[in-house]
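Top line first, the protein sequences correspond to chains A and B. Quick note: the first sequence uses the numbering used here, first residue 1, plus one each step. Quick note: the second sequence uses the numbering used here, first residue 261, plus one each step.
These aren't lab readings, by the way, just hints derived from the structure by calculation. All the given hints hold, so there is nothing to weed out.
Going by beta-carbon spacing under 10 Å, a handful of chain B positions derived as facing chain A: (1) A315; (2) L317; (3) R331; (4) M332; (5) L341; (6) P343; (7) P386.
If you want a taste of the chain B side facing chain A, the calculated C-beta under 7 Å gives, among others: (8) F334; (9) F336; (10) T340; (11) W344; (12) P354; (13) L357; (14) Y385.
Beta carbons are placed, not taken as given, at the ideal position from N, Cα and C, and that holds for glycine.
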Amino acid sequence: MNASALRVALPVVVLAIGVFMWDLAVRLFAIPPYVLPGPGLVLSTLFADAGLLGQSLLVTLTITLEGFLFAAVGGVALAVAFNQWRLIEQAFYPYAVILQVTPVVAIAPLLLIYLPQPLAVLTCAWIVAFFPVLANATLGLNSVDHNLIALFDLYKASRWQVLWQLKLPAALPQMLTGLRIAGGLSLIGAVVAEIAAGSAGAGSGLAYRIAESGYRLNIPRMFAALLLLSLAGVAIFFVLSALSHLALHRWHDSAVKREH
Amino acid sequence: MNGAPAIVSLRNVGKTYDSGTAALAGFDLDVRAGEFVSLLGPSGCGKSTALRIVAGLGEPTQGAVERPPGRMGFVFQEPTLMPWANVAANVRLPLRLARVDETQSRTAVTRTLARVGLTEFAGAYPRELSGGMKMRASIARALVTEPQLLLMDEPFAALDEITRFKLNNDLLKVWQELRRTVIFVTHSVFESVYLSQRVVVMTPRPGRVFAEIDVDAPYPRDERFRTSPEYAAACRQVAEALSAAMGDAR
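Using the sequences and the hints given, assemble the complete structure.
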């Protein structure tokens, strides 16, 4: 069997064994569904509640996407501003770090007091997704080949030309790394805020469904919602990885397959 | 050619970096139009610093510099290509920065690529090219604006000998066709003698001109010249000057 087929087959085998053991354990020890539902029940709940869960998934995904887009645009824009004006960097960078290191779980309840609930959730998603974009884009913009900068200097390139034709394309690989991280984090931020909001009794995202089902001891639905959340996370990762590959595959070493 | 006017002239140029390192002190150099001059010296003797000062990439802390008006071409030690752009786009860069229109720059790029033998690789990306071909692309980029003055900072130092010899020959061919002024920085005695009409031997730390040696052999120079007694004699003379220059500094 060749290497790439093995890379797909091995995780699938592990999954099959895991699901089988789970099912076996539930049947063998006659575990009641309100303690641990079997995989079959989780799946059938997923289909039975598809309407409700699908709607919640859409809510969570929309917020995740919005948070991600704001983080992407804001992160890159601020990184460019930092790169162009050192004073702005010196003035604001510490606060970007503080925003990042303060756990979002702790910020969410506060935000829910001051902001309407959807906006608070969006803000949480944005806060966690923003920093990796900023940090990676800043790194990329600051590590442009100094000889290329000298070359642009020699040909009397304007500041604008240096930015558009040199710094931004040179920073693209790092920016895309930041975006890949931000996609996953945006989902986490949205979920954290929804859970926090859920206890306040508002919202209808997937994380809210998990919290709500927990109160009602509807464990199969908790599992079904969790499954959807992980699938959403995986999908986001794959979409962003594919975008990154599409943008870089012609020229960047990270996207080039090597034969040894 | 001795009658030609000097287009580059450095008088008593000194450069001390902020760290306190004196890279150049009392450095004098005249280069005449159409001349091929090599700056030869050990690593850290300030030859790259001198070249950057000629290019205007760094100002001297002392002395006066006269440069030709108009654009110069600069070839770095590394190919310094934009990895996200293909060869044609890399070569077009100087024209694009000068906002030369599309049609005109396409003609110039095509012509220059043909000159360095890269016509078939116009659409290739830098990572798809060998070290020698990357350097050709870099040279093409420097030539595309048809500069009066071509500055080369140890461009072939990282290449294998076979590729270096080939590029030496091709560079001489281009130089004979265009007759632009070339200042070529190298730490190879053999390369400096093979290529240039005049070798300027520098002392290390701080860099000064120790000796200027004319290489009178006529062009075209080819592989026969590389193995001639004349070449060997010139190499010995330059090598002796270089070792005296280094002894002088100890």
